[in-house]
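Protein chains: 6
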Amino acid sequence: MTPRPSGRAPDAMRPVSIETGFARHAEGSALIRVGGTEILCAATVESRVPPFLRGQGKGWVTAEYGMLPRATHTRGGREAAKGRQSGRTQEIQRLIGRSLRAVVDLAALGEMSITVDCDVLNADGGTRCAAITGGWVALRLALDKLVRNRVLARLPLRAQVAAVSCGLTQAGPVLDLDYDEDSTAAADANFVLTETGGIVEIQGTAEHAPFSQAQFEALLALAQAGTVPLFAAQRAAVDAALGAPPPETP
Amino acid sequence: MTPRPSGRAPDAMRPVSIETGFARHAEGSALIRVGGTEILCAATVESRVPPFLRGQGKGWVTAEYGMLPRATHTRGGREAAKGRQSGRTQEIQRLIGRSLRAVVDLAALGEMSITVDCDVLNADGGTRCAAITGGWVALRLALDKLVRNRVLARLPLRAQVAAVSCGLTQAGPVLDLDYDEDSTAAADANFVLTETGGIVEIQGTAEHAPFSQAQFEALLALAQAGTVPLFAAQRAAVDAALGAPPPETP
Amino acid sequence: MTPRPSGRAPDAMRPVSIETGFARHAEGSALIRVGGTEILCAATVESRVPPFLRGQGKGWVTAEYGMLPRATHTRGGREAAKGRQSGRTQEIQRLIGRSLRAVVDLAALGEMSITVDCDVLNADGGTRCAAITGGWVALRLALDKLVRNRVLARLPLRAQVAAVSCGLTQAGPVLDLDYDEDSTAAADANFVLTETGGIVEIQGTAEHAPFSQAQFEALLALAQAGTVPLFAAQRAAVDAALGAPPPETP
Amino acid sequence: MTPRPSGRAPDAMRPVSIETGFARHAEGSALIRVGGTEILCAATVESRVPPFLRGQGKGWVTAEYGMLPRATHTRGGREAAKGRQSGRTQEIQRLIGRSLRAVVDLAALGEMSITVDCDVLNADGGTRCAAITGGWVALRLALDKLVRNRVLARLPLRAQVAAVSCGLTQAGPVLDLDYDEDSTAAADANFVLTETGGIVEIQGTAEHAPFSQAQFEALLALAQAGTVPLFAAQRAAVDAALGAPPPETP
Amino acid sequence: MTPRPSGRAPDAMRPVSIETGFARHAEGSALIRVGGTEILCAATVESRVPPFLRGQGKGWVTAEYGMLPRATHTRGGREAAKGRQSGRTQEIQRLIGRSLRAVVDLAALGEMSITVDCDVLNADGGTRCAAITGGWVALRLALDKLVRNRVLARLPLRAQVAAVSCGLTQAGPVLDLDYDEDSTAAADANFVLTETGGIVEIQGTAEHAPFSQAQFEALLALAQAGTVPLFAAQRAAVDAALGAPPPETP
Amino acid sequence: MTPRPSGRAPDAMRPVSIETGFARHAEGSALIRVGGTEILCAATVESRVPPFLRGQGKGWVTAEYGMLPRATHTRGGREAAKGRQSGRTQEIQRLIGRSLRAVVDLAALGEMSITVDCDVLNADGGTRCAAITGGWVALRLALDKLVRNRVLARLPLRAQVAAVSCGLTQAGPVLDLDYDEDSTAAADANFVLTETGGIVEIQGTAEHAPFSQAQFEALLALAQAGTVPLFAAQRAAVDAALGAPPPETP
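Which chain is which? The protein sequence lines are X, V, A, E, R and F, in order. Using the UniProt record's numbering, the first residue of the first sequence is number 1, and each one after it goes up by one. Using the UniProt record's numbering, the first residue of the second sequence is number 1, and each one after it goes up by one. Using the UniProt record's numbering, the first residue of the third sequence is number 1, and each one after it goes up by one. Using the UniProt record's numbering, the first residue of the fourth sequence is number 1, and each one after it goes up by one. Using the UniProt record's numbering, the first residue of the fifth sequence is number 1, and each one after it goes up by one. Using the UniProt record's numbering, the first residue of the sixth sequence is number 1, and each one after it goes up by one.
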């Protein structure tokens, strides 16, 4: 079996760090680094909801995703200059939004909306997964601020959510693809999971040849183990930001 | 367990039919009906490839997706009038394109591109899955024409591909969601499979609460069984169109 | 005199058929076929009017037009992907809307609007004319539904309206141009008429050389005769859909 | 019979004047005034043709139309700021382009294109007609310059073309509608004619009720007479600009 | 020292004329000519303000800028057709708007907005400056109309404002650049001044090499002298339009 | 005289730091902090020039500017989602581009282009000035890389360029406006200067009342002194990145 380009073991995550407070004006923010991937996540609270939700007493959580033009090896054109967001961008921001909404109690949030902006400063594979993992921290801090300001009685958050990509490469099934692996993997899958092992989203794609159920389950097992340090990093970042263990999320 | 709104058994597909030749000018076309969902798929062959592939001797397969404004219960605005395709539209057409490409031997196709247009005439759930299933027939017929016209020596097609959606509903895990089920399911997943059981794409989404690995595997099992009649319908449509069993696809 | 490419007599319409109910969710729909041209017309009723009409107690009727990318010999780019509707599309949908409005009693309709979507599934010349002819049936059925649901006391419809194109070709003045004739005619004209011979719209264009008043009147005479079977097909389709002759339109 | 709002006789044109050379950089230009309507027409010659014509040895003539925001009673939004040209604008510029092309010998022009920009400085009805009448002068002068510069051996122009609108109003059939009449006429029609009476374009629209063939022919007769002074004004403007009667246009 | 291309003295303005009333529907209008530059300025009064000002009892003044496609040596594409205003256009219209606002008492105007459209009919350098100078006249006349109609008790105008460009050329520091000078100057600066010498806007740009404070002050001195005839022309135009000296602007 | 909101002396810059290498893929990058304003500048080298420069043997330097949605107190909509860059954005990126080009020897650069992306991560006033100051460092490093890789024989850079804003506030003329001051200043001006005191760009704007020449010169004097530490910070950052004093810039 060929070794991985990075020399990592098949089940090894890259180093993860989450720094909070980088976006000084945001209600909650997290600068997440997963290996060479670096994303600034900023949560904004607004006391109104999109038209389709008005008057229902429920809140909304959504996400937007962007990449600085030179976050990548070669410069990508600025979407604002092109006049439209690419299909890839829209697909990713819809995924991040769904993933975060899945663990929020929208009724308990009330008629407020939270937008989580995820902007990639440096890209080295796995940006959508890192955006979800970091986005949860930004969201968590913004919700905490609502509790501390007595806008909400309790955190309307049911679980932690984090994500990781796995793939079938020449090194076999591996965890946490970097850019080199991502661009050559025979198949890859993104897993969005809760800290209790619940599945929030699965996206698996055969790039070159169909894969088998057994292969898919191997990737899922890698992801289940691989998200453990992500959940720990989330909790550590929240603790550091709030000066104490966060209130239990039921 | 609550029965399904349609009264179908949990593992029952809706009636499927595939009519070929509806788009008279297209190199291959298929009008697929899955219950109340009706999609016109038309394949166009062009002897050029996108810029990023030029000079590599390889072909390309892509898809575009649209919905007539009144394919749905309430009229949806026309995307051409709005001036942009929605994120949903782009996500779906990227999925269809990837799914079809996964079974095409792009090197054997040579520097030609095939665009499969999938336009929803009537919608009742499962449009992206039906588009893949019908799109394969349109693609197959267009490729056959290239073989008959001696542009290609053999069909550059590795497998059949078809898709179905499954979901966790009040009736438990069920096959082939219609609109009523799709809009209320706790989770749903789209499975794009080959006729030999290979997995091409998996997209699973928890709408309300995370789901377990066991639940996910129940959905996959439903899909594996549920695609059997889809593959049969594809073969029957191709046979009817070509007047004889199609050449073996290796 | 050269014969027509299709072998038709100069004053011969192509076969016409109108099938209702194809768009299952629409308040009224008609799939019209005129020779190889095939258009799905779907009428949508909404209980609001555009801003410029609000508070005047009058209704509105408008139309939108689109063409599936592969309705034509060579694939046309999807307008939704290009981000704008072409001048041709806008010109046609404005014509359809004006033609239908001309026979509706907007005051009797009240503050409701009806949008008639006309989507070309297969194109072989005369699409704007077929869209008007089929669009009237969709509109008629949608209005009938409002009468049956007692939203309206009577049909707010003054007349039938149908359209046909005529042209000066190498075969002389001819009725109902197909694509081959349309692309080579020296002049062509679209006539939108009522069943009592009233003129709703005339659009005549010299493609290569100016034409004379006498030539123009020859085209008008062809159109007057040529629309007779169109009005009959409209009445037959409405009768078949409603199970009885429609109430008199004054 | 009610008199016209302007007091004009039913067959009276408004005063017409055409001033050349206003757009100093253009190869040909004409500032046309028809009553209170004032349009600056400027012709630009470029030595290339649109892609669909390349290599055919033929030229192209096209037109663009715009209206200054405050050419009208109430300010209209600037199309450049809205990001799209309205359907009305596109319809009008397509009409102007077709009308001018109909009298140009495109083969004799060779692989050059002429764009005639028609910008409405003040609007009081009939802008599309005045744009055609003035546009012909700008085009004529630009072609003359090509002849004087020996780029072309002779004027590739077959005829003069001018346009006028007529309508059915409370004063009966009338010539040359101004804004007040245009907005209340029961029907109106634009006639694009050559100086020998040939018909280039006819666009007739029933705004409120269908009209009869006899009514239509009355409008056409008004237009035939009404364009006589327009052709004279065109010739006078060209003579004044070129210092001598123009060469015969065959 | 090389002479100027036009032969003008370094401190010589080109001839200036301002004709009012050209845009017949506008509340105020001015056609300004500065040498070969010709701009139609039209002011529109509307009794509403942009959202960010609502309910504050204050008015708004803004400007829009456009250039006819053939105002220039070579034809420029129509921004409405391109679907977006260029950065240059937006920069200029923002400058005009700020310059006019700076001399208006927005509180005294009350909740009304005035839009000044500046459309370049012929361009020969200095269009943004001429637009400001002419735009002030259009604005002044529109405000006067509000006073005469007793909508306002007094003119909410604090000063006259006019603008001129100066530059460092091969002829040294010169006043009022024309196109030839503008495209080759080493540096140029636009000065927006009041008739009492106050500075409203300064925009100085080194095109090829940085310039010194002394050079900059030489340009400012030219501008201070050069705007004197502009202010006189503004007053003469207003006097001519209103038939008497305008009321004092405090 | 009122003290400044920040308590700073009128001629006090905020703390400045410049960190290089943050954008790991860029040919040169600088993360500049000026007080609470934080901008990531990344330079990209490409071996082609825009169409208008092709074949002239000269290079090009341009800039793009963006702001993360939550760089500000309240979230700003994402320009990529709106489909257009604002006038403000375009104005700023044109200013940055001109400022950098003014100190580059484009002929010595040869047919290459350098794009400097300036993305605001946190905003507290003065973003366009900080972008110029930081952008120069990114550009300098990218050019140095071309020299080290022997693509260029020497640095094609004539000077350092940096920028600062000054304004007339309740505290009198002050240096380096922060957000609070910027939004309430009576006038403000941006000065783009070289380290030898040359003026590259001046933009002065009276927000409420015209200002005098003396006031303007006071602002310029503040800027001349205030840019001294900016030039020092640029040199320190370049030295730190390159491990030695940079080669002399002539």
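Don't take every hint at face value.
[Said to hold, decoys possible] Negatives, chain F to chain X, calculated, CB over 10 Å: (1) R48; (2) G55; (3) A81; (4) K82; (5) G83; (6) R84; (7) Q85; (8) D117; (9) A123; (10) L155; (11) S183; (12) A186; (13) A209; (14) G243.
[Stated by the list, open to error] Heads up, simulated DSS-like pairs for lysine-lysine below, C-alpha to C-alpha not over 25 Å straight-line: (15) V/K82 x E/K58; (16) R/K145 x X/K82; (17) F/K145 x X/K82; (18) F/K82 x A/K82; (19) X/K82 x A/K145; (20) R/K82 x V/K82; (21) F/K145 x V/K82; (22) E/K82 x X/K82; (23) V/K82 x V/K145; (24) A/K82 x V/K82; (25) X/K82 x V/K58; (26) X/K82 x X/K145; (27) F/K82 x R/K82; (28) A/K82 x R/K82; (29) E/K82 x R/K145; (30) E/K82 x A/K82.
For the record, the hints were derived by calculation from the structure and aren't laboratory data. Glycine is no exception: its CB is placed at the ideal position from the N, C-alpha and C atoms.
Evaluation of the provided hints:
no.	hint	result
1	R48	holds, 12 Å
2	G55	holds, 23 Å
3	A81	violated, 6 Å
4	K82	violated, 8 Å
5	G83	violated, 5 Å
6	R84	violated, 6 Å
7	Q85	violated, 5 Å
8	D117	violated, 5 Å
9	A123	violated, 8 Å
10	L155	holds, 21 Å
11	S183	holds, 15 Å
12	A186	holds, 26 Å
13	A209	holds, 31 Å
14	G243	holds, 23 Å
15	V/K82 x E/K58	violated, 37 Å
16	R/K145 x X/K82	violated, 44 Å
17	F/K145 x X/K82	violated, 29 Å
18	F/K82 x A/K82	holds, 17 Å
19	X/K82 x A/K145	violated, 46 Å
20	R/K82 x V/K82	holds, 17 Å
21	F/K145 x V/K82	violated, 46 Å
22	E/K82 x X/K82	holds, 17 Å
23	V/K82 x V/K145	violated, 37 Å
24	A/K82 x V/K82	holds, 11 Å
25	X/K82 x V/K58	violated, 28 Å
26	X/K82 x X/K145	violated, 37 Å
27	F/K82 x R/K82	holds, 17 Å
28	A/K82 x R/K82	holds, 13 Å
29	E/K82 x R/K145	violated, 29 Å
30	E/K82 x A/K82	holds, 17 Å
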